[in-house]
Amino acid sequence: MEPGDLRESPAGSGESDTGDWREEGCPGGPEEVKTPETNGTTIETSTRDTCEEGETEKQKGVGEQLHSPYEEKLDPRIKDELEHLNEASAEINRLELQLDDARSGYRKILTESARKLNAHSSQLGGCIEKARPYYEARRLAKEVHTHTHTHWETGLCIP
Numbered sequence: 001m002e003p004g005d006l007r008e009s010p011a012g013s014g015e016s017d018t019g020d021w022r023e024e025g026c027p028g029g030p031e032e033v034k035t036p037e038t039n040g041t042t043i044e045t046s047t048r049d050t051c052e053e054g055e056t057e058k059q060k061g062v063g064e065q066l067h068s069p070y071e072e073k074l075d076p077r078i079k080d081e082l083e084h085l086n087e088a089s090a091e092i093n094r095l096e097l098q099l100d101d102a103r104s105g106y107r108k109i110l111t112e113s114a115r116k117l118n119a120h121s122s123q124l125g126g127c128i129e130k131a132r133p134y135y136e137a138r139r140l141a142k143e144v145h146t147h148t149h150t151h152w153e154t155g156l157c158i159p
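Here UniProt numbering is used: position 48 in the sequence shown is 48, and no number is missing along the way.
Treat the hints as calculated values from the structure; they're not laboratory data.
Cβ atoms here follow ideal geometry from the backbone N, Cα and C, with glycine treated the same way.
There may be inaccurate statements among the hints.
[Stated by the list, open to error] With a cut-off of at most 25 Å between alpha-carbon atoms, the simulated DMTMM-like pairs for lysine to aspartate or glutamate come out as follows:
1) Lys116 to Glu129
2) Lys73 to Glu87
3) Lys116 to Glu136
4) Lys79 to Glu91
5) Lys130 to Glu143
6) Lys142 to Glu153
7) Lys142 to Glu129
8) Lys73 to Glu83
9) Lys108 to Glu96
10) Lys116 to Asp101
[To be verified] FRET-style restraints, in silico, Cβ to Cβ:
11) Arg103 to His149: 33 to 39 Å
12) Lys116 to Ile78: 52 to 58 Å
13) Asn86 to His149: 51 to 57 Å
14) Arg138 to Glu83: 58 to 64 Å
Between the sequences and the hints, there should be enough to build the whole structure, so can you do that?
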């Protein structure tokens, strides 16, 4: 290992010397890493490995461009299916927008109804409390009537 390849120890490693900073990077590559120059200690980094990987990826990219999948002609059935898929996606988007509009309309109506109900409740609060037992008894009577009617019909159907 040559003295020019040495780098500074990381912070907190006990090394107190700080060296001059110099730039290292891949030759002809966009990656540059600034590391300090010191007088003897070193930390291994993967800058060179990264440079070598970058070069092999560039070489692969040149070979891939020769056999691009976009250069092949698509089967007409695939084109038809893709067109059908695009139309279906457009229809789905349109329906989702309608759903959003319907939901926002529902929220507006619900909010307005709740506001009106609260306003009437504040005006007629005592009357509502007095009438509540009557309407609860009426609801319960309807449930009992429905239940009894169902059991009576079931009894008639059994031979």
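Quick rundown of the hints versus the structure:
no., hint, result
1, Lys116 to Glu129, "18 Å, holds"
2, Lys73 to Glu87, "22 Å, holds"
3, Lys116 to Glu136, "22 Å, holds"
4, Lys79 to Glu91, "18 Å, holds"
5, Lys130 to Glu143, "22 Å, holds"
6, Lys142 to Glu153, "17 Å, holds"
7, Lys142 to Glu129, "21 Å, holds"
8, Lys73 to Glu83, "16 Å, holds"
9, Lys108 to Glu96, "18 Å, holds"
10, Lys116 to Asp101, "23 Å, holds"
11, Arg103 to His149: 33 to 39 Å, "38 Å, holds"
12, Lys116 to Ile78: 52 to 58 Å, "57 Å, holds"
13, Asn86 to His149: 51 to 57 Å, "55 Å, holds"
14, Arg138 to Glu83: 58 to 64 Å, "60 Å, holds"
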